[in-house]
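S.K.: Here is what each chain is made of, one letter per residue.
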Amino acid sequence: MSTEGLTKTFPDGLTAVVGLDLEVASGEIFGLLGPNGAGKTTTIGMLTTRVVPTGGRALVGGVDVVRRPSKAKREIGVVPQTNTLDRSLNVWENLYFHGRYFGIDRAGARARTDELLARFQLTDKATRKVGTLSGGMAQRLMVARALLHEPRVLFLDEPTTGLDPQSRIALWDLLRDLHGAGQTIVLTTHYMEEADRLCDRLGIIDSGAMLALGTPSELKAGLDADSVVDIAADGDLDELARALTRVPGVSRTDVRDNGVRVFAPVVTGMLPPLLASAQATGATIRDVSVSEPTLESVFIALTGRDLRE
Amino acid sequence: MSEGAGYPAIPSTARDRSDRHAATVAFAGLLMRDLRVLTKERGRFMVRTVSQPLLLVFVFTYVLPSIGRDFGGSTDGGSFTDILVPGVLAIAILIKGVQAVALPLVHEFGYTKEIEDRIMAPLPVWAVAMEKITAGAAQGLVAAAIVAPIVAIVPAEAVQLEISWLVLVVVLLMASVLGSALGLVMGTYVEPDDVPLMFSVVILPATFLGATYFPWAELETIRWLQVAVLANPLVYIAEGFRFALTPQFPHMPPWAILGALTLFTIGSCLLGIRGFKRRVLS
Ligand SMILES: Nc1ncnc2c1ncn2[C@@H]1O[C@H](COP(=O)(O)OP(=O)(O)O)[C@@H](O)[C@H]1O
Ligand SMILES: [Mg+2]
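First to last, the sequence lines map onto chains A and B. Counting from 1, position 285 in the first sequence corresponds to residue 699 in the numbering used here; the numbering is continuous, with no gaps. Counting from 1, position 202 in the second sequence corresponds to residue 874 in the numbering used here; the numbering is continuous, with no gaps.
Do not take every clue at face value.
To be verified - Restricting the straight-line Cα-Cα distance to at most 35 angstroms, the calculated cross-link-like pairs of lysine-lysine (DSBU-like) are:
#1 485/A / 949/B
#2 543/A / 785/B
#3 485/A / 785/B
#4 539/A / 634/A
#5 539/A / 712/B
#6 712/B / 543/A
#7 949/B / 634/A
#8 485/A / 539/A
#9 712/B / 634/A
#10 949/B / 712/B
#11 712/B / 785/B
#12 785/B / 949/B
#13 539/A / 785/B
To be verified - Partial list, derived from the structure: chain A residues whose beta carbon lies under 10 angstroms from chain B:
#14 462
#15 556
#16 563
#17 611
Unchecked claim - Stretches of chain B that chain A covers, calculated by requiring three or more beta carbons in the stretch to come under 8 angstroms of a beta carbon on chain A:
#18 694–702
#19 785–796
#20 942–949
Derived by calculation from the structure, the hints in this document are not laboratory data. From a predicted model like this one, the values you see are computed outputs, not experimental measurements. We treat Cβ as the ideally placed atom computed from N, Cα and C, and that holds for glycine.
Chain A with its partners taken away, still in its complex shape:
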């Protein structure tokens, strides 16, 4: 899969994606990481024929998605951001008819439907209405549907957004299995952890532009990204964060559920002043941990903003 200068300007004048150059090798898991509104869905839309680019080119499996959309659609499987299961059909029929759309004969579509339902642990849900599935099950069914016609490239748009932690991990395992079997996968996410743990290579995208491209470790090593000190504490965390921000050498702080995260370019020699300043606020410190730059700090280094903002 590759793109050259792929651009989309919507009729209202908003340019959602600018000059995207991308190459994804066969068998790779590639992730597009970016905050809400970055242009991830628009990019996936262009690659999957539903959004017409206003500039550039995109090839999937060697097929130009603009010139030959019908051919391109046979090369790709898509799991969109929203639940697009056919609510007039039950679970089994969703897969079966998808197979028929793609020209698989009756017996073949039946066999593959049964096979995929079993593999995705949905066999006992076969006759359920799709509206009654849990989020995790619906997502698995959408992945099964996308794979039914053996696409060369599987696209997933924010596949784990809105899933509970358990279903998220189950989906990661599933994608790793597919990857192990040689499936090319392109996914988008705004979870750094997901991008870090799942993807071979990443593109960091913001305001429609690709800011950086590389393996997670290349990205973390190559930029002046901050290291992270997580201070778990009880007490007034906002006050704690303000105090820590004033410590020389700290570039920013971020209040978390159970403590404060401190970003600093160099951690060596930072812990004593950080702890002293924390104690001065009267907060009770329960734990301190230091980690290498994360993708979050990479993103902040690139944009000056937090991914979650």
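Since chain A is already given, all that's left is putting chain B with the ligands on it; use the hints.
M.R.: Showing chain B with the ligands alone in chain A's frame:
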């Protein structure tokens, strides 16, 4: 490339088909899907198809004549029953087209964009729109087949039919495609939330002023109305059935009926396909 994934392999014939062949097969698959949904909902389909025509025919051609409150027929000797029967068929086909195409689009275009799964089938978007029109037209024909015996049996006084079969087939086909294409136009240009409202705002006036309860020719005493209703495609469907079933009573000239039906049908197909493309592609 995912042969190693442990799924049964898809016969290579399915993957290596020409675009045209793949699109034809996908089109057939979409039709099968719609047929499946329809068979699941056959009870609802029957109720929706039968209720209005049955009530119309029952009250106007059975109850009223039986209690001696019949409306006058046409100036050429037909009874009100003779006038109403083609009108009821026309209404049934038009409403079925809208029900079959416009209403499902409300949730298919809704928040989750459920339609995307069918857009991702390997056929051009205009062909997906054509499939919707085809499936809706087929439902219109089924509706006509269900309503025909009702209008034949219920009236107190037999309809004076002089059926010209060829004309009937032509009008049936055009009317069902037109009704379905109008459903697509409505389902794509009207905001999904407002589609149900269209029944009061568009469908109801169209059925009352569609030459359904009176022959168009007899509107000449209200000249402005006679001209205004020419914009209503239902007029040509009703007059077409009048020409096909009861040609002995007043109806528009055949060339006007068939010409207008052709133009309206082609026009609303093109408009509906355009609206559909605008909705699903950005
Ligand atoms: N159909 C559209 N018309 C106009 N603007 C759009 C449309 N779709 C998306 N946008 C805008 O394009 C930008 C990128 O959106 P999107 O690709 O959905 O981002 P993401 O998926 O990364 O959250 C946003 O500012 C969004 O409002
Ligand atoms: Mg998105």
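S.K.: Next, verify each hint and record whether it holds.
M.R.: The hints, checked one at a time:
1. 485/A / 949/B: holds (18 angstroms)
2. 543/A / 785/B: holds (18 angstroms)
3. 485/A / 785/B: holds (22 angstroms)
4. 539/A / 634/A: Outside the cut-off at roughly 43 angstroms; violated.
5. 539/A / 712/B: Since the Cα atoms of residue 539/A and residue 712/B sit roughly 18 angstroms apart, the hinted pair holds (cutoff 35 angstroms).
6. 712/B / 543/A: holds (12 angstroms)
7. 949/B / 634/A: Roughly 43 angstroms between the alpha carbons, so the hint for residue 949/B and residue 634/A is violated.
8. 485/A / 539/A: holds (32 angstroms)
9. 712/B / 634/A: violated (55 angstroms)
10. 949/B / 712/B: holds (28 angstroms)
11. 712/B / 785/B: Status holds; Cα separation ~22 angstroms.
12. 785/B / 949/B: holds (14 angstroms)
13. 539/A / 785/B: Holds, at about 23 angstroms.
14. 462: Where the cut-off is 10 angstroms and the nearest Cβ of chain B is about 7 angstroms from residue 462/A, the hint holds.
15. 556: Since chain B brings a Cβ to about 9 angstroms from residue 556/A, closer than 10 angstroms, the hint holds.
16. 563: holds (7 angstroms)
17. 611: Nearest chain B Cβ about 21 angstroms off; hint violated.
18. 694–702: holds (count 7)
19. 785–796: holds (count 12)
20. 942–949: Coverage by chain A is violated for the segment 942–949 of chain B (0 residues, Cβ < 8 angstroms).
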